[in-house]
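Listed here are the chains, written in short residue letters.
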Amino acid sequence: MSEESRNIPDGMMEPSKADTSKTPGPGPMGRHHMAWLVVFPAAFLLIVFFLIPMFVALRYSLLSTMPFFDPNPSYTLANYIRVLTEPIYLRSFTRTAGYAATATTISLVISYPVAYYLAREARRGGLILLVMLIPFWTSIILRVFSWKIILGSSGIINSLLKTMGLIDLPAQLLYNRTGIIFGLVYTYTPFMILPLYATLGKVPQELLEASEDLGWNKIQTLWRVTLPLTRSGTMSAVILVLLACFGDVLSAQMLGGANTLMISSVIFETFMGGANWNVGSALSVIVFGALLLLAAVLTWLGREVEHV
Amino acid sequence: MSDTLRRSWLRSGWGQKIFGLYVAAYLGYLLLPLVVLVLYAFNTSGYLTWPIKGFTLRWFADAFSDSRLLKATGNSIFIGLVTTFFSTFFGMLLAYGLVRFQFYGKRFLETLNILAIITYGVVSAVSVLLWFHTLGIAGGIWPTIIGHTTFIMPFAVLVIRDRLLNFDPGVEEAAMDLGATPLRTFRDITLPLIMPALLASGLFCFTISLGEFLLAFFLIGNELTLPVYLYGLMRFTFTPAVNAAAVMIVSFPILAVIIAAIFFRREVRSLY
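Taken in sequence, the protein lines are chains Z and W.
Residues 6 to 313, numbered by our numbering, are exactly what the first sequence covers, in order.
Residues 45 to 316, numbered by our numbering, are exactly what the second sequence covers, in order.
Read the hints as simulated data drawn from the structure, not as lab findings.
It is possible that part of the hints are untrue.
[To be verified] Derived DEER-like restraints, expressed as beta-carbon distance ranges:
#	chain 1	residue 1	chain 2	residue 2	range
1	Z	R64	W	F282	35 to 45 Å
2	W	F108	Z	L227	49 to 59 Å
3	Z	W41	W	P240	20 to 30 Å
4	W	F282	Z	Q210	44 to 54 Å
5	Z	L42	W	L101	47 to 57 Å
6	W	L222	Z	E211	51 to 61 Å
7	W	A105	Z	L89	50 to 60 Å
Backbone N, C-alpha and C fix where the C-beta goes; we use that ideal spot for every residue, glycine too.
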């Protein structure tokens, strides 16, 4: 069981490290010419429907108008200038960064103990993982909506607080920062737990026992053995959740309000409402660039510490 | 004495109890929205306020007479099944290629695969929309399937690749040394060995596709998927019929999980 269930999230966040070390070079199966035949369908999808669209967005972000309005649009930087000078864009970008960072931190604090427990209690771990998958079978829209029922001004939490006599007026938990961060933490914590669980499962039990035999207590062992050993994996989990928070639309749309516009919502509304798609493309390109940069920096941080 | 105490801090006593309670609390938090959905699916009042009023099955009847809801659910299941098939199949091929072959462009594909996962979000969705516009492809069920497969397949690749890395390639080599063709080796040796990963990946892909909103929203055109339909409802008129539909949808997998747990219990035990 533990073997089986651990296999699933194991390779999850580690792009290519295992490959080079574990593949014993091109063995009897290592025929080069067959390889592209085998990987072709997947490579086709990734290149044609993931990579090329990014360049398409880049091109539109540099055009004055969409080609279906004018077949010969001119190239311009006006869209970028507009995005960088109009305060609504910049403000929603920094706001999003703040929310994403807060939600990711809270999520990490919640997740680490859960993942630790899953990794150490293999017997129950499998069952808990199964239970953790159940919510995914209901659309995330419904789950976020459900929080709206729970957090609303006549919702469950406020009603309970009122009957207990703790508050007179309902606490404002929705349509503000609290609501959004609540939604983000709820939505993405499972995505933090799975890679953390995978990386924690790789820490050898003997190492922890040795550390304690040599006189470190649990806290010291956690701080000086487990945390350093799982730093790279933790960074992967953090990247995944941070970037997901950046790209999230539903929490922002359903639990946020007029003063908590997030950058993903801005992009979403731009394309949904048929507003200026060129400006929308410029926004997308900037966000995509920022995400790549963030992922690269965090990966680098994770790697560097690992080698020390 | 103190050593044993320390070592067993997690295994028994307070530490484990607190830990267990904490994890239970987390699961409660994770499942709370589902419980609330179920409660309101049976609630007589059409308003989503606390406390709930009484018991009714009315919303289930409503759900069955809502043709758009049924259509959207059908579409979602169809898209989910087709996406699952292609994601797992193509994902398996890519995973196999990445693990067993050295070839030009391997690092590139690996990077692309990871990037597709970590950058998935509104930006990827609108980029695909722009690309389809450029190609003159109108929205619909098949464009949505293409979008889903592109962004869900990378997860399948990771799951299956991990399994491929974790068994001894010697068994494959042995089969080939004994004269089996590469195709036969794959069918008779590799495939059975990676079957658990294929099943896990299939389940995973179906789950993601069923709940995926952003790509579906931009690529579905005049059709509907369940999340797109629900999104529309929540902006305008919401009735607990949606809760009822959700309860029905979520109860299938829960049953499946329970059955699987009972069915596989012996195998699970035998691993200890």
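Which of the numbered hints are not met once you compare them with the structure shown? Violated hint (a single one): 6; every other hint is consistent with the structure.
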